Structure formats: C-alpha cells, structure tokens
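One-letter residues, chain by chain:
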Amino acid sequence: MQKLKKHLKKTPEIRGLSFQDMILRLSEFWARQGCVLALPYDLEVGAGTMTPDTFLRVLGEEPWRVAYVQPSRRPADGRYGENPNRLLKHTQMQVILKPPPENIQELYLKSLKVLGIDLRHHDIRFEEDNWEAPTLGAWGIGWQVMLDGLEITQFTYFQQCGGFDLEPISVELTYGLERIAAFLQELDNVYDVRWNNTTRYGDMRQEEERELSVYDFEAASPETCRALLDLYEGEASRLLESYDPASGARFPLRKAYDLCLKCSHLFNILDARGAISVTERVALIGRVRKLACEVARVFLDRKVVVVEVEPV
Amino acid sequence: MKPPRTQPLLIEVGCEEIPARFLMAAREDFWTAINQAMAAARLVPPGASPSLRFSTPRRLAVWFPAVLMKQGDLVDEVVGPPMRVAFDEKGKPTKAAKSFAQKNGVAVSSLTRVTTPKGEYLAVRKTIHGQTAQKLLPGLLAGAVTGLNFPKSMYWKAKTGPRFLRPIRWLLALLGEGKTARVIPFEIADVRAEAATYGHRVLGKGKVHVSGFMDYLNKLSAGGVHLDPVRRRGRVQEDLKVILKGSHSRPVADPWLVDWVVNSTEWPVGILGNFDSRFLRLPREILVTVMRDHQKYFAVEDRHGKLQPHFITFLNLDRDRKGIIREGHERVLAARFADAEFFWDSDQREFLASRQERLASVTYQAELGTYADKVSRMKSIAAEICGELERAQTFTAENSASVIRALELCKCDLTTQMVQEFTELQGIVGGLYAEAQGEPKDVCQAIYDHYRPEGPEDRSPRSRIGAVVSLADKLDSVVSGFAIGQEPTGSSDPFALRRQGNGIVKVLVEHALPLPLKVLIEHAVSCMNVEWKRPQHEVFGSLVAFFEERMKYYLESGRGLRYDTVRAVVAAGWENFTDVARRADALERIRNTENFAALSVAAKRIKNILEKSASAQDWQPGSVNPELLEAGPEEQLFEAHVAVADRARRFTEAGEYEKALETIADLRPLVDRFFDKVLVMAEDRALRENRLRLLGKLDILFSGIAHFAEIAGGPGDVDASTSQAVTSEE
Numbered sequence: 058m059q060k061l062k063k064h065l066k067k068t069p070e071i072r073g074l075s076f077q078d079m080i081l082r083l084s085e086f087w088a089r090q091g092c093v094l095a096l097p098y099d100l101e102v103g104a105g106t107m108t109p110d111t112f113l114r115v116l117g118e119e120p121w122r123v124a125y126v127q128p129s130r131r132p133a134d135g136r137y138g139e140n141p142n143r144l145l146k147h148t149q150m151q152v153i154l155k156p157p158p159e160n161i162q163e164l165y166l167k168s169l170k171v172l173g174i175d176l177r178h179h180d181i182r183f184e185e186d187n188w189e190a191p192t193l194g195a196w197g198i199g200w201q202v203m204l205d206g207l208e209i210t211q212f213t214y215f216q217q218c219g220g221f222d223l224e225p226i227s228v229e230l231t232y233g234l235e236r237i238a239a240f241l242q243e244l245d246n247v248y249d250v251r252w253n254n255t256t257r258y259g260d261m262r263q264e265e266e267r268e269l270s271v272y273d274f275e276a277a278s279p280e281t282c283r284a285l286l287d288l289y290e291g292e293a294s295r296l297l298e299s300y301d302p303a304s305g306a307r308f309p310l311r312k313a314y315d316l317c318l319k320c321s322h323l324f325n326i327l328d329a330r331g332a333i334s335v336t337e338r339v340a341l342i343g344r345v346r347k348l349a350c351e352v353a354r355v356f357l358d359r360k361v362v363v364v365e366v367e368p369v
Numbered sequence: 008m009k010p011p012r013t014q015p016l017l018i019e020v021g022c023e024e025i026p027a028r029f030l031m032a033a034r035e036d037f038w039t040a041i042n043q044a045m046a047a048a049r050l051v052p053p054g055a056s057p058s059l060r061f062s063t064p065r066r067l068a069v070w071f072p073a074v075l076m077k078q079g080d081l082v083d084e085v086v087g088p089p090m091r092v093a094f095d096e097k098g099k100p101t102k103a104a105k106s107f108a109q110k111n112g113v114a115v116s117s118l119t120r121v122t123t124p125k126g127e128y129l130a131v132r133k134t135i136h137g138q139t140a141q142k143l144l145p146g147l148l149a150g151a152v153t154g155l156n157f158p159k160s161m162y163w164k165a166k167t168g169p170r171f172l173r174p175i176r177w178l179l180a181l182l183g184e185g186k187t188a189r190v191i192p193f194e195i196a197d198v199r200a201e202a203a204t205y206g207h208r209v210l211g212k213g214k215v216h217v218s219g220f221m222d223y224l225n226k227l228s229a230g231g232v233h234l235d236p237v238r239r240r241g242r243v244q245e246d247l248k249v250i251l252k253g254s255h256s257r258p259v260a261d262p263w264l265v266d267w268v269v270n271s272t273e274w275p276v277g278i279l280g281n282f283d284s285r286f287l288r289l290p291r292e293i294l295v296t297v298m299r300d301h302q303k304y305f306a307v308e309d310r311h312g313k314l315q316p317h318f319i320t321f322l323n324l325d326r327d328r329k330g331i332i333r334e335g336h337e338r339v340l341a342a343r344f345a346d347a348e349f350f351w352d353s354d355q356r357e358f359l360a361s362r363q364e365r366l367a368s369v370t371y372q373a374e375l376g377t378y379a380d381k382v383s384r385m386k387s388i389a390a391e392i393c394g395e396l397e398r399a400q401t402f403t404a405e406n407s408a409s410v411i412r413a414l415e416l417c418k419c420d421l422t423t424q425m426v427q428e429f430t431e432l433q434g435i436v437g438g439l440y441a442e443a444q445g446e447p448k449d450v451c452q453a454i455y456d457h458y459r460p461e462g463p464e465d466r467s468p469r470s471r472i473g474a475v476v477s478l479a480d481k482l483d484s485v486v487s488g489f490a491i492g493q494e495p496t497g498s499s500d501p502f503a504l505r506r507q508g509n510g511i512v513k514v515l516v517e518h519a520l521p522l523p524l525k526v527l528i529e530h531a532v533s534c535m536n537v538e539w540k541r542p543q544h545e546v547f548g549s550l551v552a553f554f555e556e557r558m559k560y561y562l563e564s565g566r567g568l569r570y571d572t573v574r575a576v577v578a579a580g581w582e583n584f585t586d587v588a589r590r591a592d593a594l595e596r597i598r599n600t601e602n603f604a605a606l607s608v609a610a611k612r613i614k615n616i617l618e619k620s621a622s623a624q625d626w627q628p629g630s631v632n633p634e635l636l637e638a639g640p641e642e643q644l645f646e647a648h649v650a651v652a653d654r655a656r657r658f659t660e661a662g663e664y665e666k667a668l669e670t671i672a673d674l675r676p677l678v679d680r681f682f683d684k685v686l687v688m689a690e691d692r693a694l695r696e697n698r699l700r701l702l703g704k705l706d707i708l709f710s711g712i713a714h715f716a717e718i719a720g721g722p723g724d725v726d727a728s729t730s731q732a733v734t735s736e737e
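Protein chains in written order, with the numbering used here: chain A, 58 to 369; chain B, 8 to 737.
Treat the hints as calculated values from the structure; they're not laboratory data. A few of these clues could be false.
[Stated by the list, open to error] Derived pair list, reagent style BS3-like, types lysine-lysine, alpha-carbon separation capped at 27 Å:
id	chain 1	residue 1	chain 2	residue 2
1	B	Lys248	B	Lys164
2	A	Lys146	A	Lys319
3	B	Lys214	A	Lys170
4	B	Lys619	B	Lys666
5	A	Lys360	B	Lys164
6	B	Lys303	A	Lys170
7	A	Lys167	B	Lys684
8	B	Lys313	B	Lys248
9	A	Lys167	B	Lys186
10	B	Lys614	B	Lys540
11	B	Lys329	A	Lys170
12	B	Lys133	B	Lys102
13	A	Lys167	B	Lys214
14	B	Lys448	B	Lys386
15	A	Lys347	B	Lys166
16	A	Lys360	B	Lys166
17	B	Lys77	B	Lys105
18	B	Lys313	B	Lys252
19	B	Lys159	A	Lys347
20	A	Lys167	B	Lys212
21	B	Lys77	B	Lys186
22	B	Lys386	A	Lys170
23	B	Lys226	A	Lys167
24	B	Lys226	B	Lys214
25	B	Lys186	B	Lys142
Since this is a predicted model, take the numbers as computed values, not measurements.
Use the sequences and the hints to build the structure in full.
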C-alpha cells in the first residue's frame, strides 16, 4: 500500500481531483450556500430529479435548498461496462435552490472553480436545452453547460412539476460527475477514473455495469416486468384513491410515490429490452405521469389541510 | 442657457444566456416595440436618424441618437354647433353656444370658429401640454420589454410576473450623454435600471459604470464583448479564412453554423482542432453530422471536397492560452467518433437484407402495425406505380425491380445502432450500409434519398427510382393515416401528413411523373390492409381535397406563384400535377403583358354576360352561324378566333403553354373592338343568340389552359403571393 502511494505520488500524470474529492468539494461548497446535504435515495431512479427531495420539495411555497449525490439508472444506456463513455448507472450531483438566488449562474461558476476549473483557460458555454420529464409531468427552461465542448451540467429553471405551475420556481443543477472526473483527470475512459488514490472507478463499478446490462438487456423477463408494473401501479392507485384529506399526515404519500418510481424504472427496463412500441410507450408514460401528478396533487392538498389543522 | 431640445437614449436589457436560435428575432422585436412606443409617444424628432439595435447572448440593446426631451403640445379641436345656431341675429350667443362652452370648461369669449365643407361651426381649441421624456420613458421602456412575445418564454419570479427568454439580470437606461446623462428609473422583476452594464463573464470586470453610448461601446469592447453581431460575423468569417491559410484545406461552408456562432458568443475566436485520420474511413455524412449538429464544429475539406482530419470550433474567449481547450474538444470529438465507428462496425455484422425480419417487431403506429406491415403496403403501392410507368414507357422492368429491392431495404436501418443514435441520419445510413454491402448503386441511392424532400427547401430524390420509393412511402403514410381517421384538421396534424403530402406533390412535379392523382390515390387505397374508420369512398373524397390544397400550397409557396395564377390554373383542371405546374408557370410569365392583362378583364366580362343571359334563357351553346355575322369587328373576331383556337390547340397539345397563351392574347385588340362597336344584346333574338354563342366560344378558349377570368385586376395592382384559403405547412 505504502509502495503504491509512493508510486502514485511520483507519477507526474496524475491530474485533477479524485472522484470522491469532487463529491466532497461540491458538497462542501453547496452546504456553505445553505443547502441541506441529503442522502442518496434508496430506490432505483432515472435521475436526481425523481427523488422526493426534489420532486416533492419543489412543490409549494417553502424555501428549500438541498444538495445530494444520486446514483441514477438508465437501462437503455447500458454498455456492459465496455464503452469508455457510457454508463447504465451514473452519478449525479443534484442541487436544488428554491427560490433561485439572482446570482445563481455566478454561484454555479464558482462551484466549478472549487473543482479546479480555471475559466480563463476553459471555454464555458450555456447552450439552450429545455429539460422535460414526461413521466413526472415536469419541465423547465435552461441550458446544458458545455465545458470545452463537453456537456457537464444540466441547468434548469423548473416551471412545472407534477403538472403544477411552480411558485416560487426552483433552479436545478445536475452535475454529471463521471464526465467531469474524466475531464479533470484527462482520461478517455471513465473506468480509469481515480475514485481515490488507490481505487479506480472500474474497480468500484465495472462488474456492476456488466451485470446490470445483462439483466436489463437479456435476462429481464418482459412478462414479469409488465406484471410487476401493473402490480405496483395498482397498489399506488389503490393508495391514492383511498386518500381522504381528513387522514392528514397519516396518509402514506411517500409510499405511493415510491411505487410510482418503481413503475418508472420498470418502464425503463422494458424500453431497454425493446419490448415497448412507439404508441405503447406514450400510453405507459401517461400511466406513470398520472400517478406522479396525483401524488403531487395530494402532497399540495395535504399541506393545506395540515396547515389548517395545526394550531397557529 | 436653454437646455437641449433632444438627447440620445441608450437602453440595454441584460439577460442570462438567450438561446442562439431566438436571438435575432428577439433583437428585431425589441427594436420594433421600442420604436413603435417612441413614435406613439411623439418622442422622436422629425428627421431624426434611425435608432440602432445590437445583441449578444447576454444583452439586447437599442440606441436613439436623438429623442425629444419633451413631447410637442397637442392642440385638440372640438367642433360645436353651427354658427347660425350658436348666435342669434343680434350676434349674441344662444343657449347652444353657452352650453357648449360650459361643457368644455371655457368661456364663450374664448371659443373660436372653424370652416368646414358644411359651413361655419363654433369650436373650441384646447392645448394639451406635452410631457417630459423623463416622465414618459419609465413606463414606455418597461412596457416595451415586458410586452415582447417569444416562442418559448419563462417566468423566474412570480407566475404572474414578467416572462422573458431567460431571466433579466440588469437594465441600463440612460438619457443624455456625459455629465447631463440621467438614468431613466424603471424596474422589471425587482431589477432597477442603472447607468451600468456588465462585460464578458470571464474577460470582463463585473459591473461597470456607463456615461453614454461611446463610453458603453468602449467599456464593452474592453470588457470582452463585441456588441454588434455584424462585427462578430466579420470576426468569424475572418477566422474561418485565416486559420487554414497556407494549407490546401478550407472549412465546409455552413451559413447556419456561422449564424449560430454569431448568436451564441460575445467574443468569438476560432481555433483549429484535429482528429485521428483513421476516422476518415467513416462516411462524410456521419462525420459531418457529429461535428456540425452535435458539436457545432466546422468540418474541413480539401479543394476536391474530401474531408480532412481537422475541425474549427469557436471559443467565447480571447484565446486558448495553454491549448487545453483544443485538447478538450479533441477528446470529446474522438469519443463521439469512436461511438460512431463502433456502431458502423457492429451494425455491419448484420446485413440490411437480413434485418428485414426485425422490422416485424418495430411498431410504426399502433393501428397501422409494424414497419414490416408498412413496407408490405409500400411494395404493393410501388408495384402499381411501376406498372403505370412501364405502360407509359418511362420505366423498364429493371427499374421496377430496383424500386422493389430498395423498398425491401429502405426501413431496415431503423434497427441499426447508428440510426438509433443519430436519428437525423435515417435513410442516409441505410443507403451507406447498402453501398458497403454491395447492393446495386441505383438501389443504394434510392434508399439514401427516400425521405426526401423533407421540407420546401429540400431537394427531391436524385433518381426516378428514388422518386418512386419516396412516393410509395409517403403515399402509404398519408392514405393509411386518413384511413384510420388521423387526417389533418385545422392546426392539428398529428402524423405531420401535410408535410408528406407536400413531398408527394413536389416529387411528382419535379420528376415530371405522368401519374394522374386519382389513379395514384385509387392504387394506394386498394393497397391498404388496415381497418378503415370511415367508408373508403368518403376517405377518397377527403384525400382528393387534401391533395388539391397541397398542390396549391406547393405552387404558391414552393414555386412562388401568385394565388390567383394558381386559382386560374386549378380551375381549368388539376388532375396531373406536372401539367398544372407547367400551365401555372406559363401563365405567371405571360399574365403581366399588356394584351393578356386586358384579355383577362374581357374574359370576366364575357363570363358575366353569359351567366346573366343563360339565366334569362337567351341562348344555348351551339355553333356560330357565319351568315348572321355583321361585317366588320364581329366577323373579324369570329374568323380570328377560329384560326387562333386552332393554333392554340396545337401548341397546347405539344405542351407549349406559353406559346398557346401568347397566341390567344393576340386576340385582344379584336375582342376590345368587338365590345366597342357591337351590341351583344341585340333586339333580334337570333342575332343575339349567335353573338352569345361567339362569346361562348371565346369563353371556352379563355378557360382551357387557365380560367383567365380568375386573374385579379390588371398588371401592377396584384401583390398577393399567398391566399388565406391555403393552409400552410404545419
């Protein structure tokens, strides 16, 4: 071990922050901006946006600042751990600021500085890219942030979530950590990224990538996935239909949302499996969105009820 | 000293990055809105130099060299009762005069009188004193900014608050220059106007004070901003030239990309990057798509148009100090090319031909089955079309075989990774793979071209084989879409069938295919193995109406013909698109000649006379009796008509429509003379009917190639290149 460290120290090629140092520095930076450092969500999600810390908290009026790392799964992007740039499960650093401060772009650029990116030596661009999550009834206006031609962040002013216009709006920053790490470390292959000084990204994740790819592309049974989707959807609908404003805080809203997330992930697996036709796709997205929008509706409704019930 | 009557005015709206595709329109709209508001507020001095407009992704700016510091006074004149009512014989004001004065809040003595064509009236003149610019401008400027409409806007404060392309972060509004300069105080979404701007994000020094227009330009220039897009364009074009100077290469010309760079940078600087020349084994189409569409790089080619392993990208920065920006771009491009290379190689492991089976699991539309179903319908339609073309001797059996082969393969690229990644390359990838896999050249080209034309600017397929494949594809999409009730209505066109219809018309005309529309529709309808939502004959009728609209759209928008030219030609029959287009082109060329314009007026007159007389049962069509013709203008017209009709018929049969129309137009002096000298509605019934029959003959002549009577007005008074009746594309 000692020997290895020495070896690494001597090697002049080591450049840029390690993967874990990036996480630490970004966490620290955003914590200083008043963000709660939340934990990654413990269910499969396609993006940090889908966790309750974003999806639910951007609804309603209360100010909210949060930052968290979120492993995000996109089955269709799986490449069996063989493609140097593509991952089935990648890591997002998700930041939500509600309402967005006026200097939000400057803050974001400062966060790049703590990663060691000197903007005098790099070309940073905000290129139009309006984000949309049809399964969540959510969309926003924003940019993809390009660093020397590489997309490193999605920067979005949310306008709608769960089918509701937002007021105040939130800004969402989603950093693609693997890409930024490979960029900082000047590597062509994400699996070569140093996680820390002794462990590579590949050591941590390559086998998992292969296994997940095998399941999502080959081993998954479309019939079972469909049946599960129906079951989860049924359970979520049953809960949501039973919602009674009088039940107040006892209503298991977050569980209904978890079930909705399960549906979303199963949809993604079926999609990766090539088991969904174009029109069926639209119908399935509609089903998941219906659940998500209903969750948002109950969330907002219950807030009003809870506020009314609580003594002032 | 008297203060100056006018002062310059500078306004800048500072934003977060405005999308490149909206910037030019945003600048124009902002400039127009401010100018309209200034004119309406009477703040622009007569003869003032026009205002200037500028834009960068982070700002919209307008500068007025001179605006009035104060509006001119307005005199409002209210007219009251007539003088004879307002004063009695003794010259004393009557009750009418007094109440008029009272109503306007003035004494009778200060009333005045005005003379109108109707006589003298009592009146009151009120002077409305002009307001100062300082007072008017805050509301005016705020209104001009927040009143703009954008195709895609957002709110960032309250939902009911202002909407803009991206959040507004600063406002600069300065009336006057130097020491006399004053900020126009106004506010949008908590941002207050100031005498300050911001330079470039990295090259600038944050907020800088501005004392006037020259100061503004200097500070921005020093702060890394070329304010004027014209200047940035100049820089971009200069760099594109200079970077490759001395080499034998040049950037691939790309006006769209130049615009994009101009509208997405404040300080564009071009740099040259390289990529591994091994990627040059990939087709140019793929390399250029990755560079241009995905990375916004200019591709580089040699003098013979062969792609070179370089690219040019534009920074929004003064320079690439350590070359690390270039390295970054090179790494990104290499990764993207490596992806494309991987797709290219792994896709080739399975021939297109053997991918046909897989189309059975790719859904086209739920109600229309899979792509395998679509291809089978397309093949039946194409077989019918080929049959027609072979009968017309414009197609050989080999041609038909190529069409069928191309159809079998044309959708197979949908199953490739390349098309799944670069969807804009569908068809093109199929053509390239077919070529790499040794399919005949005409088949490859037809596959490559079969989505064409994709818009009014796009070309039709290069070959007739490609044209037929394209037709079969589009006809299937349109007819099957109609069959399941998805035809376009009003603004709704869920399957974008209008665009497909436009493509069909364009292909038929540009390839001069001798295929009458109804025959095509009949064939396509007979090939639909789908569940019909409506009776077939009804759908047939809707399809005919749909194509009539598409054809008019094509003639007006695609060929730029005037709407009444189109109407006149269509009225004379439009079964064969190629023929309609030829007739329309000929008519458009000749319609403004003196003879023709006059003739179209006469044609209208003839139509009116005949219609009236027909309802009065004055005549029945039949041959003209030469015995009854009056010597002179009538006889001459008849004789000339017989000769002209014969010549025109021969030209028409030969397809020489312009000559035919010229021949007919030569009748004009005789027609005019006839109307001058001869009374059509003669007392004598036989004489009258004979004359009407002569006009009937002329009417037939004036309606064969086009209905002349449909031509609006004479030369010069028509400026109608569009008609409301024709639905535009999407």
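Quiz item: So which hints don't hold here, by number, going up?
Solution: 1, 4, 7, 9, 10, 17 and 22
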